[in-house]
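**Q** All chains should be modelled from the sequences, with the hints used to inform the complete structure.
Here's the letter readout for the chains.
Protein chains: 2
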Amino acid sequence: MIKLYGMTGSGNCWKPAVLMTMLGIAFEHVEIDMLGGETRRAPFLALNPNGRVPLLQLGDGRLLAESNAMLCYLAEGSALLPPPGFDRAKVLEWMFFEQYSHEPYIASVRFWIHYRHKREEWRDKIAEASSKGHAALAVMETALAKQAYLAGSTFSIADIALYAYTHVADQGDFDLSPYPAVLAWLQRCEQQPGFFSMR
Amino acid sequence: MIKLYGMTGSGNCWKPAVLMTMLGIAFEHVEIDMLGGETRRAPFLALNPNGRVPLLQLGDGRLLAESNAMLCYLAEGSALLPPPGFDRAKVLEWMFFEQYSHEPYIASVRFWIHYRHKREEWRDKIAEASSKGHAALAVMETALAKQAYLAGSTFSIADIALYAYTHVADQGDFDLSPYPAVLAWLQRCEQQPGFFSMR
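Which chain is which? The protein sequence lines are A and B, in order. Numbered per this note's numbering, the first sequence spans residues 781 to 979. Numbered per this note's numbering, the second sequence spans residues 781 to 979.
If you are wondering where the hints come from, they were derived from the structure by calculation, not from laboratory data. Any given hint could be a false lead.
The list treats identical chains as one, so a pair stands whether inside a single copy or across any two.
Said to hold, decoys possible - Cut-off 27 Å, straight-line C-alpha distance, at most; resulting in silico cross-link-like pairs (DSS-like, lysine-lysine):
1) K926 x K783
2) K905 x K783
3) K912 x K926
4) K898 x K912
5) K783 x K898
Bear in mind the structure is a predicted one, so any value in this text is a computation, not a measurement.
**A** Shown next as structure tokens:
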């Protein structure tokens with residue numbers, strides 16, 4: 781059976797879990813104490829030299845890191861990932877956007893405030909990252925004002941990738957009320973069969 | 781004909797250019813004055829609301845952002861991207877690693893030092909990012925000590941994605957001599973048919 785090494789509360793770890801649930805793929809969750817430093821100690825580093833969760837282990841022992849690579853691998857052949865071509869490229873575009881322009885700001889600020897309790901101590905750093913997080917939300921709003929889902933008219937793994945930290949952005953003090961199309965999209969995601977949120 | 785909006789000297793913009801050259805795909809390069817703010821002004825934002833280069837425009841006008849999404853799209857069906865399955869997932873793993881754990885540190889420090897001339901002024905910020913950049917190089921070294929290319933025994937778009945900023949890391953004061961497997965890999969990349977570097 782597939783093993784998913786992850787940390788409860790991590791949006792990146794939630795992504796493959798919700799996808800496997802939606803697709804009916806059985807898996808075992810292995811909780812990793814990231815806050816306690818487990819991802820940076822030798823036994824875990826032997827599995828993932830980059831020292832991060834989530835980490836997926838197939839039944840035959842092969843290992844795959846990077847949440848969005850897992851989504852692509854697991855969704856192949858399903859309706860959640862278009863076949864090779866331009867529509868698939870747009871899904872990937874949003875997934876790279878998520879890891880470069882969204883997660884480093886929205887997930888990081890949430891982590892600093894919600895898990896590390898640094899709201900006051902790291903005020904300047906949080907303000908700078910929050911501004912970039914809002915820029916990412918504005919890009920999503922522009923797209924979602926025109927279409928139901930990020931990569932077009934149908935729900936895809938791009939929506940799973942971006943839902944992850946957007947739906948808990950308030951834990952990083954992000955106010956989503958200026959983004960009505962994003963708020964409506966969050967609700968549409970939640971109506972997908974088999975979907976669950978971290979809330 | 782395909783248009784590639786990009787900035788000379790940007791590793792992200794170099795990626796689709798080298799791939800199209802290797803694959804014999806004709807394209808027109810459109811230079812964008814990123815340093816002069818062109819990516820943040822209305823005409824360019826109308827093309828890419830995320831305000832970044834590279835941006836790929838197909839002959840029919842369709843637009844694709846995110847350098848690594850372009851690599852996946854353009855390499856489909858070629859020997860540089862394995863067919864769907866685990867080998868492809870490993871290619872994607874390295875490409876997401878590049879955008880999350882490598883580029884934000886190695887490309888950013890290079891940009892601050894080589895283009896913005898902030899070596900002294902931003903000393904602390906550079907030290908922090910450099911440390912994370914070295915962590916990424918160490919992850920690459922671990923993989924490349926075991927296999928010829930990042931995702932296995934054959935050259936793939938994962939190698940293009942990581943070559944981009946690794947081969948100019950010295951412009952961000954990164955010393956690659958502690959990473960002999962990375963240095964040997966850079967040379968192997970440069971021997972690929974049609975390959976060119978930014979140097």
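**Q** Would you mind marking each hint as holding or not holding in the structure?
**A** Quick rundown of the hints versus the structure:
| no. | hint | result |
| --- | --- | --- |
| 1 | K926 x K783 | between (38 Å within a copy, 25 Å between copies) |
| 2 | K905 x K783 | neither (36 Å within a copy, 38 Å between copies) |
| 3 | K912 x K926 | within (22 Å within a copy, 38 Å between copies) |
| 4 | K898 x K912 | both (18 Å within a copy, 21 Å between copies) |
| 5 | K783 x K898 | neither (33 Å within a copy, 45 Å between copies) |
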